[in-house]
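Peer 1: Sequence:
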Amino acid sequence: MRILDLTAMELGKKIKAGEIGVEEATAAALAQIKAAEPKVHAFVTVDEEKAMVRARQVQEQISKGQLAGPLAGVPAAIKDNMCTKGMLTTCSSRMLSNFVPSYTSEAVRNLEKAGAVILGKTNMDEFAMGSTTETSAYGETKNPWNLEHVPGGSSGGSCAAVAVNECFYALGSDTGGSIRQPSSFCGVTGIKPTYGTVSRYGLIAYGSSLDQIGPIAKDVADCAAVLEAITSYDPKDSTSIRREDTDFTSALTEDVRGLRIGIPDDYFGEGLDSQVRETILAAVDVLREKGAVVEEFHLSLVEYAIPAYYVIASAEASSNLARFDGVKYGYRAQEYEGLHSMYKKSRSEGFGPEVKRRIMLGSFVLSSGYYDAYYLKALRTKALIKKAFDKAFETYDIIVAPASPATAPKLGQSLCDPIQMYLGDIYTISVNLAGLPGLTVPCGTDSNGLPIGMQLIGDCFQEKKLLQAGFAFEKSRCYKGPALAKELEQESGAVFQYTSVPQQNDSQ
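Quick note on numbering: the sequence shown equals residues -16 to 491 in my numbering.
It is worth saying that the hints were derived from the structure and are not from the lab. Ideal Cβ positions, reconstructed from N, Cα and C, are used throughout, including at glycine. Treat the hints with care, since some could be wrong.
[To be verified] Pair by pair, the computed Cβ-Cβ distance ranges are:
1) E31 x K374: 48 to 58 Å
2) E318 x P401: 22 to 32 Å
3) K374 x P290: 18 to 28 Å
4) R460 x P401: 31 to 41 Å
5) D355 x K469: 50 to 60 Å
6) S350 x Q403: 20 to 30 Å
7) Q317 x K458: 56 to 66 Å
8) K370 x Q49: 42 to 52 Å
9) K469 x R271: 47 to 57 Å
10) R460 x D230: 37 to 47 Å
11) R260 x T236: 23 to 33 Å
Between the sequences and the hints, there should be enough to build the whole structure, so can you do that?
Peer 2: Below, the structure is given as structure tokens:
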């Protein structure tokens, strides 16, 4: 069997058993990156030398019994908006094209403590502003299932990298669906945890009240293991929550008997592609057959989610991005006259069109005379949306929804109409406004062979129910990645295989 076909948990077990070496697994991933990047462009930075050094160190720690976790030695990738000490971190923007952090984000530190081998940083929409990974200053990422289509965004690089076997799992960030939507487009699994579960320390902020880091992997079990590794209380993050129920892998059971599932009619009506609707409802039937109780209900306030989200997110972005002014770090214009001229030129040249659009919108809604009319009204709407979910979760354990109205659009199609791109977030942004957890699980493909993802939404701190339902559904199918992954492996001549080694009996 090929190393790259393994899930992160499967690889971790074989490394622990001595069947596969950490350096061998890392070399396999790096070979796939070399083969895939000219076509997919999922990475912004790959540090091959540092990855191999780290692989040797981790192997030594495993051999000495110092690392025994399920992810020890497994190669991973990190979205390019999480600071990593000594490694370029650009947010896929010209503004941070020369930024090398002096510290590492808490989520990445937790992964390193678990024995992860970091391969590099993945491409993304600039400052996480976009839904297609086309607004990156370093070029667009392409969907491994069809290179003429987008991988989704803003964590499109992480999702594409997992889908095409360039890494065994990756970290992404989710402000309005940026893990769940590209996971759907790329046919992988991604979870956005409850707000405050994973530290945001070291995550370059877009919308501080909405941002949350989460894992992207081939299956639910991998997501549960990675989430367990990165979850921690962090006093450096004022929004971090101390939780005791973080043994997420304990939820990996197929028993969903009596689980109450709600299907909001608001999410399955006009505007949803018929193939997406039919595929998700067929996936729900699988859970019903396993004993779950499924009902339709009316969620309400759905139509107000998009305007509320873009007002709040843009307002917070305009504040957060004010720090990028060309003074202490980042891009600085070459020619300017005086301090104010330097500010203007550095920001005009350093930021791309989508980032400028959101900064201007955010500055407008926070300005005198418009703050009450727009920003405060959006905050009140946010509170009402949370109440609507609270009421729904009095009856249901899980809400099922699409992750996107349709499958991945063609490259360039969304950028022609930014408003249409914003409307594509309709099924994901309410989860961020309410601070809820959400999980996307692949559930089929459309007539063009593009993946469709089912989104499972839970109440605050109920990730285990999502993982339980996702795992139960997943057992009814086999993970199938894009054909491109195996084609590239064959083309590169780097078909890394292993032979199972029988385990010695303890009595021998």
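Peer 1: None of the hints should be skipped; say for each whether it holds.
Peer 2: Consistency of the hints with the structure:
1. E31 x K374: 48 to 58 Å: holds (52 Å)
2. E318 x P401: 22 to 32 Å: Holds - the Cβ-Cβ distance for E318 and P401, about 31 Å, lies within 22 to 32 Å.
3. K374 x P290: 18 to 28 Å: For K374 and P290 the Cβ distance comes to about 21 Å; the hint holds.
4. R460 x P401: 31 to 41 Å: Roughly 35 Å apart at Cβ, these two residues keep to the hinted range, so it holds.
5. D355 x K469: 50 to 60 Å: For D355 and K469 the Cβ distance comes to about 57 Å; the hint holds.
6. S350 x Q403: 20 to 30 Å: The hinted range 20 to 30 Å holds for S350 and Q403, with Cβ atoms some 27 Å apart.
7. Q317 x K458: 56 to 66 Å: 58 Å Cβ-Cβ, so the 56 to 66 Å window holds.
8. K370 x Q49: 42 to 52 Å: The hinted range 42 to 52 Å holds for K370 and Q49, with Cβ atoms some 48 Å apart.
9. K469 x R271: 47 to 57 Å: violated (34 Å)
10. R460 x D230: 37 to 47 Å: For R460 and D230 the Cβ distance comes to about 26 Å; the hint is violated.
11. R260 x T236: 23 to 33 Å: Distance hint for R260, T236 holds at roughly 28 Å.
Checked against the numbered hints given earlier, the structure breaks hints 9, 10 and satisfies all the rest.
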